[in-house]
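**Student:** Sequence:
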Amino acid sequence: MTELELPEPNSLRIVQAPQAINEKRLERVDFLIVVLPPTHTESALADLPYADRMRAALRRSRALSAVPAVRLGLPNQRNTGTSLAVLPKDASTFQYLTLARKLIADALSVNPTNIAVAAPGLPEASVKRVMEAMAAAAMAAAFEMPTFKSSPPQRSRFRNLNLLGHGERMQLDRTNAEAVGNNMARWLTALPPNQLAVNVYVDLVRRLARSHGWKLRFHDERALKKSGAGAFLAVGQASKNPDSGIVHLRYEPANRTPGRPRLALVGKGICFDTGGVNLKPFRGMLDMHHDMQGSAVALGTLLALSELEVDYPIDCWLALSENQIGPGAYKSHDVVTACNGTTIEVIHTDAEGRMVLADTLALAARRKPGVIIDFATLTGTCVTALTTRYSGVFTNQPKLDGLLRSAGSGSGERVWTFPLDDDFDEDLESKLADVRQCDIGSDGDHIHAARFLKRFVPDNIPWIHVDMAAGNRKGGLGHIPTEVIGFGVRFAVHLLQTEGLLDRAGD
Numbered sequence: 001m002t003e004l005e006l007p008e009p010n011s012l013r014i015v016q017a018p019q020a021i022n023e024k025r026l027e028r029v030d031f032l033i034v035v036l037p038p039t040h041t042e043s044a045l046a047d048l049p050y051a052d053r054m055r056a057a058l059r060r061s062r063a064l065s066a067v068p069a070v071r072l073g074l075p076n077q078r079n080t081g082t083s084l085a086v087l088p089k090d091a092s093t094f095q096y097l098t099l100a101r102k103l104i105a106d107a108l109s110v111n112p113t114n115i116a117v118a119a120p121g122l123p124e125a126s127v128k129r130v131m132e133a134m135a136a137a138a139m140a141a142a143f144e145m146p147t148f149k150s151s152p153p154q155r156s157r158f159r160n161l162n163l164l165g166h167g168e169r170m171q172l173d174r175t176n177a178e179a180v181g182n183n184m185a186r187w188l189t190a191l192p193p194n195q196l197a198v199n200v201y202v203d204l205v206r207r208l209a210r211s212h213g214w215k216l217r218f219h220d221e222r223a224l225k226k227s228g229a230g231a232f233l234a235v236g237q238a239s240k241n242p243d244s245g246i247v248h249l250r251y252e253p254a255n256r257t258p259g260r261p262r263l264a265l266v267g268k269g270i271c272f273d274t275g276g277v278n279l280k281p282f283r284g285m286l287d288m289h290h291d292m293q294g295s296a297v298a299l300g301t302l303l304a305l306s307e308l309e310v311d312y313p314i315d316c317w318l319a320l321s322e323n324q325i326g327p328g329a330y331k332s333h334d335v336v337t338a339c340n341g342t343t344i345e346v347i348h349t350d351a352e353g354r355m356v357l358a359d360t361l362a363l364a365a366r367r368k369p370g371v372i373i374d375f376a377t378l379t380g381t382c383v384t385a386l387t388t389r390y391s392g393v394f395t396n397q398p399k400l401d402g403l404l405r406s407a408g409s410g411s412g413e414r415v416w417t418f419p420l421d422d423d424f425d426e427d428l429e430s431k432l433a434d435v436r437q438c439d440i441g442s443d444g445d446h447i448h449a450a451r452f453l454k455r456f457v458p459d460n461i462p463w464i465h466v467d468m469a470a471g472n473r474k475g476g477l478g479h480i481p482t483e484v485i486g487f488g489v490r491f492a493v494h495l496l497q498t499e500g501l502l503d504r505a506g507d
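Quick note on my numbering: the sequence shown kicks off at 1 and runs consecutively.
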């Protein structure tokens with residue numbers, strides 16, 4: 001197999017121009033997106049070229065009870081395509097991002113080189129939210145996902161996004177950093193399992209570490225045996241390649257602010273999950289190369305924060321393995337010992353994610369970080385509870401519940417907090433060991449999984465567990481147009497940079 005090349009950086013050029021669109025500027029635009037206020041919609045068009053034509057299109061759309069968006073062509077020399085959309089009243093960040101995804105997709109259907117965005121008639125704050133959402137959606141849409149076709153599809157011509165008439169220049173550094181991290185997470189997750197074997201994944205991460213100045217240590221199976229990481233090692237027992245291990249990446253800021261605590265990011269990286277002895281059925285196994293998405297999001301978050309040159313140190317732990325079948329596979333009622341001394345009775349071999357995370361969380365906690373955040377496509381019950389529109393979050397610090405929901409709302413990557421009460425442990429009591437890996441039934445498995453993982457993080461370390469129910473969604477979600485969402489990068493950056501998680505968690 002040839003060496004897998006890392007994805008090319010986004011070539012999209014974003015141009016900000018405070019001036020409104022005019023006929024001269026319109027001749028350089030292949031497609032124009034106009035976002036209008038929910039009230040006084042037609043009057044907001046007054047200063048735009050071909051305003052009468054746009055008003056007529058809006059009236060026809062309303063007469064036909066069409067959705068509050070309409071496509072038309074303009075009679076200029078370039079025949080500029082145009083979408084008119086009405087912003088929902090009191091729109092949330094998620095609604096801004098969703099509208100942006102749909103409008104960018106509509107524009108890209110004509111394969112333009114230059115797209116322009118205008119938001120006449122909206123308050124300045126709303127204009128900036130529209131422009132940021134459009135930039136985020138464009139960066140996601142312009143990114144090229146992996147393909148292995150013998151005749152690759154024609155590359156998109158989209159090269160320039162023009163944000164027009166928004167007043168003072170906006171700072172889009174964070175939007176760009178979040179896009180870089182999310183694009184990396186989606187690209188890794190979309191790779192087929194024979195292309196992203198564990199050893200290939202480790203090699204890709206090594207190359208990323210060299211290019212970004214991160215320190216890297218790989219805890220291979222031999223090292224993990226010395227550490228007593230029996231929970232992690234049990235999962236990979238049946239793999240024909242003994243290459244499972246835990247990648248530990250370290251980002252050290254050039255200018256660390258005194259007193260800033262260390263952040264730990266942890267990700268589940270099961271590169272393929274058969275279910276083990278408790279074999280998954282066909283449909284359940286079909287996309288199980290996506291079961292490493294938690295590790296990709298942890299890595300993408302590290303990448304985004306590095307791009308922003310944050311002033312606090314970061315440890316990133318990637319738990320990389322496969323859950324295969326074979327004579328050596330772990331099985332029900334095996335008892336294994338994790339590296340913190342906890343003995344675990346195995347109940348279901350398809351609950352492997354919590355096994356690899358148990359030892360990884362325990363190792364991460366040894367460095368005494370100020371906060372641990374883990375990401376995992378962990379349980380089907382979380383999808384049942386929330387669908388694929390939200391992800392579930394848990395924390396050992398109940399005072400952080402409101403902060404987590406606020407970060408979900410503010411970032412547009414929505415989350416819902418679940419309980420973590422002590423009495424759920426009754427369902428995990430074992431006659432053989434300290435704890436059962438899971439309950440025999442599936443009711444509340446997302447809560448049981450979180451209670452299980454909580455045993456491997458000391459109570460004095462604030463810990464947040466993200467069960468990524470929204471990791472994959474057909475048709476996309478928010479500003480992301482692909483089925484692989486890479487949910488969590490934008491949420492985590494908002495949680496840390498806007499909500500001030502590191503400072504709040506230490507209060």
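Please keep in mind that the hints were generated in silico from the structure rather than gathered at the bench.
Accuracy of the hints is not assured; some may be wrong.
To be verified - With a straight-line cut-off of 27 Å between C-alpha atoms, the simulated DSSO-like cross-links for lysine-lysine are:
1) K474 x K226
2) K431 x K399
3) K225 x K215
4) K215 x K226
**Student:** The structure should be examined with respect to each hint, and the outcome stated for every one.
**Tutor:** Hints, one by one, checked against the model:
1. Restraint check for K474 and K226: not satisfied, since their Cα atoms lie roughly 43 Å apart, outside the 27 Å limit.
2. For the suggested pair K431 and K399, the alpha carbons sit about 34 Å apart, so the restraint of at most 27 Å is broken.
3. With a C-alpha separation of about 23 Å, the suggested pairing of K225 with K215 holds against the 27 Å cut-off.
4. Using a Cα cut-off of 27 Å, the hinted pair K215 and K226 holds, with the two alpha carbons roughly 22 Å apart.
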